[in-house]
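Residue numbers (my numbering), protein chains in the order written: chain Z, 1 to 228; chain P, 1 to 81; chain F, 1 to 147.
Calculated from the structure, these hints are not laboratory results. For clarity, every value in this text was computed on a predicted model and none was experimentally measured. Cβ coordinates follow ideal geometry from the N, Cα and C atoms, glycine included. Check the hints yourself; a few may be wrong.
Unchecked claim - Facing chain Z, from chain F, some residues (calculated, C-beta under 8 Å):
1. F14
2. S21
3. Q77
4. L81
5. T82
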Amino acid sequence: MRRISSALFLLGLGLLIAMIFQTMEFGSVAPLVGQAINATAAEQVGAANFVTSVVLGYRGFDTLLELTILFTAATAGGLVLGKPRAGAVRDPDSGFILRAGADLFFPLLLVVGLYIILHGHLTPGGGFQGGVILAAAFFIPILARPGTSMDHRLVSIIEGLAGAGFILIGLLAMLGGGDFLTPLLDTGELGALLSAGSLPLLYIAVGLKVGSELAGLLAQLSETEASD
Amino acid sequence: MELLVLVIVIVMLCSAIAVLLLKDFLAALAAFSVVSLGLSVLFVILRAPDVAMTEAAIGAGLSSLLFALALRRLGLWHLRS
Amino acid sequence: MSMDTSLIFHIAAFGLILIGSAGIVLSTHLVRIIFGIALLEAGANLLLLLATYREGSSAPIIVDGQIPAVMADPVPQALVLTAIVIGVGILALALSLALRVQRAYGTLDLREIRQRLEQDIADEAGIELPSSIDAPQAVVKRQEGRA
Chain Z
1 MRRISSALFL LGLGLLIAMI FQTMEFGSVA PLVGQAINAT AAEQVGAANF VTSVVLGYRG
61 FDTLLELTIL FTAATAGGLV LGKPRAGAVR DPDSGFILRA GADLFFPLLL VVGLYIILHG
121 HLTPGGGFQG GVILAAAFFI PILARPGTSM DHRLVSIIEG LAGAGFILIG LLAMLGGGDF
181 LTPLLDTGEL GALLSAGSLP LLYIAVGLKV GSELAGLLAQ LSETEASD
Chain P
1 MELLVLVIVI VMLCSAIAVL LLKDFLAALA AFSVVSLGLS VLFVILRAPD VAMTEAAIGA
61 GLSSLLFALA LRRLGLWHLR S
Chain F
1 MSMDTSLIFH IAAFGLILIG SAGIVLSTHL VRIIFGIALL EAGANLLLLL ATYREGSSAP
61 IIVDGQIPAV MADPVPQALV LTAIVIGVGI LALALSLALR VQRAYGTLDL REIRQRLEQD
121 IADEAGIELP SSIDAPQAVV KRQEGRA
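Next up, chain Z with everything else stripped away, as it sits in the complex:
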């Protein structure tokens, strides 16, 4: 019975999607807001990457809420998993090649991640992509040594400070009489590393927060005991 109702639901969903596809026009909608942003973002925000100027400048509040969602998910995941029991069965020890290879990965991933974060306003990239690479950089040496645990207090401190830094930069804009998260400092020369005002600082805060959060979550998932 459940199978029949599920199949009927899927049939209805397929028909709905086909109907939407038939009646809505795709590919010829003129994006007015997008065109306006493309025309003025170079002078107003000064970032060569327009997506960065949208993510941090025009829609900076959405980024703050996204950081909140990520923080809630990571914290709730940590709460649900709980502390590992002492004396639980551990994975077998990994060999020398794996440990040496993982240690070699660490500085390379660190450099690539920091490069992507710092150049977020010039080339495709930014805080989220670089933060994920940083999380991998800090997690892979722990993955190669089963039994060692990450210092969760340090990770939480970095995450909290980075998030507070983001909000602080946003609040500083209000001191001058502007709105929350207005880009500060002058825009500088287009295409230079020091341009686009406070946007690189915001992206550094985002990158550190996302990186430490995801590294802590991965470490917790790896430390939790196998349920069996």
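Since the structure of chain Z is provided, determine the placement of chains P and F on it from the hints.
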């Protein structure tokens, strides 16, 4: 260009169906990474390099890592059936 | 030419959404449902990005000081960036919950979990649970052993 998009879409859709039909969860995870990678190439063709980089790093990288760790802890790493 | 490419992209997006929904609705294993959620999210992100795609536009980035004539819309790209990161957060929480469910019930099969949940609730409330013809064999045996 059209042929490239067609091939990528066919591979992606077949891998997506394979994710649901494969009995071995490790193979389903590999098929899921193929879907993510194909999606990332489609994003580049759609003129969105930022989104493509995010999808490649998170979908094919972090998501697969999360699944692999969870499968290990759930005891579904080796399915004998 | 452009109509064909647009059609292929839309078939991909709708196909992923449909396959993801089918995975969520028709699966009995919890991890398969989580795979379906991830596929559904991927399809929805592709659909969102397709909404304002124009032929012949270039990426919304200024390289070497040259501004392209027609640039793609940066707003849906920023939204999809956010959506992908939120998707991975949801995935992490879903996997943690699946781990807890296995610790509590010992199995990840949805039918058994549902039956055991109803049995636990009925035991707490002190009422008798009517046996159903859809119950898996292990649960029927347990009910017979209890009665």
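Review point. Was the hint right that L81/F lines chain Z, CB cutoff 8 Å?
Key: Hint holds; L81/F Cβ to chain Z Cβ min 6 Å, cut 8 Å.
**Study point:** Hint status (Cβ of Q77/F to nearest Cβ of chain Z, threshold 8 Å)
**Key:** 5 Å, holds
Review point. Does the nearest C-beta of chain Z fall within a distance shorter than 8 Å of the C-beta of T82/F?
Key: With a minimum Cβ separation of about 5 Å from chain Z (threshold 8 Å), the hint on T82/F holds.
Review point. Under the criterion of a CB-CB separation shorter than 8 Å, is S21/F in contact with chain Z as hinted?
Key: Hint on S21/F: holds, closest Cβ of chain Z at ~6 Å, below 8 Å.
Point to revise | Restraint outcome when F14/F is required to lie within 8 Å of chain Z by C-beta distance | key: With a closest approach of 5 Å, the F14/F hint holds.
The structure is consistent with each of the numbered hints, conforming to all of them.
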